[in-house]
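Please put together the full structure from these sequences, using the hints given.
Protein chains: 2
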Amino acid sequence: MSLKFDFSNVMEANIGSTHGLSMENIEALSGKGLSALKEFRERAEKEELGFYNLPNQDALCDEIESYAETVRKRFDYFVHIGIGGSALGPIALQTSLRNSHYNSGQKPKIYFPDNIDPDWLHELADQIDVSKTLFHVVSKSGATAETAATMLYFMDFLTSKLEDDFYKNLVFTTDPAAGLLNQIAREYPIKCFRIPPGVGGRFSVLTPVGLVPAAIAGIDIKKLLSGAADMAAVCDTENMLENPAFMFAAIHYLYMQKGKNISVMMPYSNKLKDMADWYKQLWAESLGKRFDLNKEKIECGQTPANALGATDQHSQIQLYVEGPNDKLITFLEVEQFKNDVELKNHFTYIPEFDYLQGKTLGQLLNAEKAATELALTNNQRPNLTIKVEEVSEENIGAYFFLMEAATAFAGALLNIDAFNQPGVEEGKVATYALMDRKGYKQKKKEIEAMFAKKQFFVIG
Amino acid sequence: MSLKFDFSNVMEANIGSTHGLSMENIEALSGKGLSALKEFRERAEKEELGFYNLPNQDALCDEIESYAETVRKRFDYFVHIGIGGSALGPIALQTSLRNSHYNSGQKPKIYFPDNIDPDWLHELADQIDVSKTLFHVVSKSGATAETAATMLYFMDFLTSKLEDDFYKNLVFTTDPAAGLLNQIAREYPIKCFRIPPGVGGRFSVLTPVGLVPAAIAGIDIKKLLSGAADMAAVCDTENMLENPAFMFAAIHYLYMQKGKNISVMMPYSNKLKDMADWYKQLWAESLGKRFDLNKEKIECGQTPANALGATDQHSQIQLYVEGPNDKLITFLEVEQFKNDVELKNHFTYIPEFDYLQGKTLGQLLNAEKAATELALTNNQRPNLTIKVEEVSEENIGAYFFLMEAATAFAGALLNIDAFNQPGVEEGKVATYALMDRKGYKQKKKEIEAMFAKKQFFVIG
Numbered sequence: 008m009s010l011k012f013d014f015s016n017v018m019e020a021n022i023g024s025t026h027g028l029s030m031e032n033i034e035a036l037s038g039k040g041l042s043a044l045k046e047f048r049e050r051a052e053k054e055e056l057g058f059y060n061l062p063n064q065d066a067l068c069d070e071i072e073s074y075a076e077t078v079r080k081r082f083d084y085f086v087h088i089g090i091g092g093s094a095l096g097p098i099a100l101q102t103s104l105r106n107s108h109y110n111s112g113q114k115p116k117i118y119f120p121d122n123i124d125p126d127w128l129h130e131l132a133d134q135i136d137v138s139k140t141l142f143h144v145v146s147k148s149g150a151t152a153e154t155a156a157t158m159l160y161f162m163d164f165l166t167s168k169l170e171d172d173f174y175k176n177l178v179f180t181t182d183p184a185a186g187l188l189n190q191i192a193r194e195y196p197i198k199c200f201r202i203p204p205g206v207g208g209r210f211s212v213l214t215p216v217g218l219v220p221a222a223i224a225g226i227d228i229k230k231l232l233s234g235a236a237d238m239a240a241v242c243d244t245e246n247m248l249e250n251p252a253f254m255f256a257a258i259h260y261l262y263m264q265k266g267k268n269i270s271v272m273m274p275y276s277n278k279l280k281d282m283a284d285w286y287k288q289l290w291a292e293s294l295g296k297r298f299d300l301n302k303e304k305i306e307c308g309q310t311p312a313n314a315l316g317a318t319d320q321h322s323q324i325q326l327y328v329e330g331p332n333d334k335l336i337t338f339l340e341v342e343q344f345k346n347d348v349e350l351k352n353h354f355t356y357i358p359e360f361d362y363l364q365g366k367t368l369g370q371l372l373n374a375e376k377a378a379t380e381l382a383l384t385n386n387q388r389p390n391l392t393i394k395v396e397e398v399s400e401e402n403i404g405a406y407f408f409l410m411e412a413a414t415a416f417a418g419a420l421l422n423i424d425a426f427n428q429p430g431v432e433e434g435k436v437a438t439y440a441l442m443d444r445k446g447y448k449q450k451k452k453e454i455e456a457m458f459a460k461k462q463f464f465v466i467g
Numbered sequence: 008m009s010l011k012f013d014f015s016n017v018m019e020a021n022i023g024s025t026h027g028l029s030m031e032n033i034e035a036l037s038g039k040g041l042s043a044l045k046e047f048r049e050r051a052e053k054e055e056l057g058f059y060n061l062p063n064q065d066a067l068c069d070e071i072e073s074y075a076e077t078v079r080k081r082f083d084y085f086v087h088i089g090i091g092g093s094a095l096g097p098i099a100l101q102t103s104l105r106n107s108h109y110n111s112g113q114k115p116k117i118y119f120p121d122n123i124d125p126d127w128l129h130e131l132a133d134q135i136d137v138s139k140t141l142f143h144v145v146s147k148s149g150a151t152a153e154t155a156a157t158m159l160y161f162m163d164f165l166t167s168k169l170e171d172d173f174y175k176n177l178v179f180t181t182d183p184a185a186g187l188l189n190q191i192a193r194e195y196p197i198k199c200f201r202i203p204p205g206v207g208g209r210f211s212v213l214t215p216v217g218l219v220p221a222a223i224a225g226i227d228i229k230k231l232l233s234g235a236a237d238m239a240a241v242c243d244t245e246n247m248l249e250n251p252a253f254m255f256a257a258i259h260y261l262y263m264q265k266g267k268n269i270s271v272m273m274p275y276s277n278k279l280k281d282m283a284d285w286y287k288q289l290w291a292e293s294l295g296k297r298f299d300l301n302k303e304k305i306e307c308g309q310t311p312a313n314a315l316g317a318t319d320q321h322s323q324i325q326l327y328v329e330g331p332n333d334k335l336i337t338f339l340e341v342e343q344f345k346n347d348v349e350l351k352n353h354f355t356y357i358p359e360f361d362y363l364q365g366k367t368l369g370q371l372l373n374a375e376k377a378a379t380e381l382a383l384t385n386n387q388r389p390n391l392t393i394k395v396e397e398v399s400e401e402n403i404g405a406y407f408f409l410m411e412a413a414t415a416f417a418g419a420l421l422n423i424d425a426f427n428q429p430g431v432e433e434g435k436v437a438t439y440a441l442m443d444r445k446g447y448k449q450k451k452k453e454i455e456a457m458f459a460k461k462q463f464f465v466i467g
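Quick note, the sequences are listed as chains A and B, same order.
Everything in the first sequence is counted per the working numbering, starting at 8 for the first residue and increasing by one.
Everything in the second sequence is counted per the working numbering, starting at 8 for the first residue and increasing by one.
Treat each hint with caution, since some may be false.
Intra- or inter-copy, both count: the list cannot distinguish identical chains.
Unchecked claim - Below, simulated DSS-like cross-link-like pairs (lysine-lysine); rule was C-alpha separation at most 27 Å, straight line:
{"id": "1", "residue 1": "K452", "residue 2": "K230"}
{"id": "2", "residue 1": "K345", "residue 2": "K116"}
{"id": "3", "residue 1": "K302", "residue 2": "K11"}
{"id": "4", "residue 1": "K53", "residue 2": "K229"}
{"id": "5", "residue 1": "K302", "residue 2": "K351"}
{"id": "6", "residue 1": "K451", "residue 2": "K11"}
{"id": "7", "residue 1": "K394", "residue 2": "K11"}
{"id": "8", "residue 1": "K304", "residue 2": "K265"}
{"id": "9", "residue 1": "K229", "residue 2": "K11"}
{"id": "10", "residue 1": "K366", "residue 2": "K461"}
{"id": "11", "residue 1": "K230", "residue 2": "K448"}
{"id": "12", "residue 1": "K116", "residue 2": "K139"}
{"id": "13", "residue 1": "K168", "residue 2": "K265"}
{"id": "14", "residue 1": "K435", "residue 2": "K366"}
{"id": "15", "residue 1": "K139", "residue 2": "K114"}
{"id": "16", "residue 1": "K198", "residue 2": "K267"}
{"id": "17", "residue 1": "K116", "residue 2": "K53"}
Hints in this document: simulated from the structure, not taken from any laboratory.
Encoded structure:
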């Protein structure tokens, strides 16, 4: 693992005292940080803070790798059915560590249908031969509406082709014992992988949720976990000012207190683009909370936004540099690319291209990153950089663990439960009511009454 | 065109007076809106507000369609080289109106390399046979660093295969006369399409920038423009309360004044996902400005965030419902899907799935949208809905124009220039300096001095 966390551009020495922080600001939080760290260790011991223990799963890796080898031989298509935390991590692993055109050359082709758009699913159904497709259904409870619906959608195709043998094309990742997928697995001999206790969806990428599809794609999952383990050791540092997870959390916490309600994750690498999407869920769902642990109403949280460098310099940077100073930006930077080449000016009669002559794309990309960093810093806009030597299994594993630990520290500083999501319940109930689920009739009437009141619209 | 703009859930009747608006609030802005509308018309007449005139280009459509037919016969690959406004619109057209797996069945395969990540470009170079590839280079000035670098990158492959015939595999969309691409086109007989005067990058999707790749993909570009024309007529309505572009702008403006600094675009449709990305550039770069037209420092603008329903209910909704009430959410809803089917509960021993029996995926998706809308509204979180009957050329064209006109109105209400981007200049200069471009030596020294001061980091 080789990862560096640079927080120079949040310090008042570099961006001034109005928008900058002092080491004293950060040090003042280190007592809370250390208490939190000790609590994490205790809770991990009791399997309540499951993600903390995930780097050490050698036996599981062996099991998954041998399973993956069989799958690669038997199937031409692999369809991963999960949503939210059951999809964002797996997708980020695939896009960061595999070729962007993976499906045009590899077997099995891998798909992640993480939504229920009928036209989009129809397009996927048209691509695959279900009899040669393994469906990986991922849900702790098995009751997740979108996952269940997508599974039922593909079951139609499966049973019409394979009849009673349909179960041979299913694999589940679910709760160790409870839930609806386990009920199905009791009726048919379906292979099941387990999500360990105390690991919530958004912290589950290093369980079979992410490891199974990764191994099937040929990603070295042991290296992934070894990177996470290295980072876990660093994030266990009791000197809080040398603990990158605490530092990331403390800096974000201090800016939340200063009213900066937006956290931007901006990789300068297409391969890391979906890492920002994964982070968006982690940060939003963990920290966006109405009540703190004392039941006080606080409505806290930062809205995560994703951007991609250099692309979004042509989209978001105008706003970041000149608009409200209301955000903290984290760059992800890659030092070494695998296939960098020198450019040549083929149009010698255009001297305006000469500055590109002999330079590589990677040099240009990282010069643009430095330039953006500079423009932000000169305009007192706080920004951080997480720099990895290269996009590798180890560094991706390290990044996942770093962000998860940082989220746990941020929850502790905010004095909230970073591991629940009570705010999604209301929408679930309303969905059941609108879908005429038994027991929700009264709720449906309430909803219809509300929608009947709608009266403000313009028709184009 | 069939598009409806529903603003019920920003009205105080539905979300209370603390976070809601009254019709009086909106009406108070209608005088400014009408003046702005009259100014738009005058400036469009003088070709200063170019996007306003784009719906009416029948002759251009004929030219592009006949060109596209030739391209489809001659080439197996089409690579669109552009960034920011030269890519986001073309990408959104492709993903909304074509099959998600277009490249696995169609010819030419279409790619949009809108970044300079060396590994990502290398993966693309590996996919194509350059001698059968048409490269569409899009840049008004031809000087855009990323576009120039990407063109030079592929030129290496092109000239090594085709030698002096390389130009036959190039097509440019650029300024009518000025710029570097026109210099190249004077040396070689390269086909050039034109970006009309007064059309900035982020307003250029309905010029050849978007129309050329769309036509090559078989999208009906006349229908696209006819939808835009229908919407242009609606957005020309002088009764401001019936003008959806003004209404969208006025509502966002009022919330900016109330401190809601985030604008979320959340389509409930995978096909419309990249529409949100296109919107992000339009809204951020147009409205994120340091100075108003009187040169007063105002640092205005909203940070646009994108989310995807139902997927991001499992990612962002916890925050949107329970976190800070600091955002205005716009849903994009599709009424009719093309390939919707009824679900069947194949696991009859699991009654928990019964509510899905006989329901369609589209019903579930839109029930989830309604449920999310309800949860937000019940928690006084303002939200809007733009509803289209179906994802079609006409409605996509209408959406583009609606958002562009809304952005123009928002700029007028904020009293800013919505059509420039002065804040990106500083980063450009620093990039040139770091790339050792002639004339930037002093700047490079300044930058190196600044980076030498860096001292705050943690190593993992």
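Hint by hint, here is what the structure shows:
1. In the homo-oligomer, the alpha carbons of K452 and K230 never lie at most 27 Å apart, since the shortest distance is 54 Å inside one protomer and 41 Å across protomers.
2. For the identical chains of this complex, K345 and K116 are neighbours both inside a copy (24 Å) and across copies (25 Å), given an alpha-carbon limit of 27 Å.
3. For a Cα distance limit of 27 Å, the shortest separation of K302 from K11 qualifies neither inside one copy, at 37 Å, nor across copies, at 41 Å.
4. Proximity of K53 and K229 under a CA criterion of 27 Å is satisfied intra-copy only: 24 Å inside one chain copy versus 64 Å between copies.
5. For the identical chains of this complex, K302 and K351 are neighbours neither inside a copy (63 Å) nor across copies (43 Å), given an alpha-carbon limit of 27 Å.
6. When the C-alpha separation of K451 and K11 is checked against a cutoff of 27 Å, the pair qualifies only between copies, where the shortest distance is 24 Å, while the shortest distance within a copy is 52 Å.
7. With identical chains, the CA atoms of K394 and K11 are at most 27 Å apart within one copy only, with a shortest distance of 5 Å there and 46 Å across copies.
8. Proximity of K304 and K265 under a CA criterion of 27 Å is satisfied in both settings, with 18 Å inside one chain copy and 21 Å between copies.
9. For a Cα distance limit of 27 Å, the shortest separation of K229 from K11 inside one copy, 22 Å, qualifies, whereas the shortest one across copies, 52 Å, does not.
10. For the identical chains of this complex, K366 and K461 are inter-copy neighbours only, at 25 Å across copies versus 59 Å inside a copy, given an alpha-carbon limit of 27 Å.
11. In this assembly of identical chains, K230 and K448 lie within 27 Å of each other by CA distance neither inside one copy nor across copies; the values are 51 Å within and 43 Å between.
12. In this assembly of identical chains, K116 and K139 lie within 27 Å of each other by CA distance both inside one copy and across copies; the values are 11 Å within and 25 Å between.
13. Taking the shortest Cα distances, K168 and K265 never come within 27 Å of each other, neither inside one copy (59 Å) nor across copies (58 Å).
14. With identical chains, the CA atoms of K435 and K366 are at most 27 Å apart between copies only, with a shortest distance of 16 Å across copies and 53 Å within one.
15. For the homomeric pair K139 and K114, the shortest alpha-carbon distances inside one copy (11 Å) and between copies (26 Å) are both at most 27 Å.
16. In the homo-oligomer, the alpha carbons of K198 and K267 never lie at most 27 Å apart, since the shortest distance is 47 Å inside one protomer and 49 Å across protomers.
17. Proximity of K116 and K53 under a CA criterion of 27 Å is satisfied in neither setting, with 39 Å inside one chain copy and 53 Å between copies.
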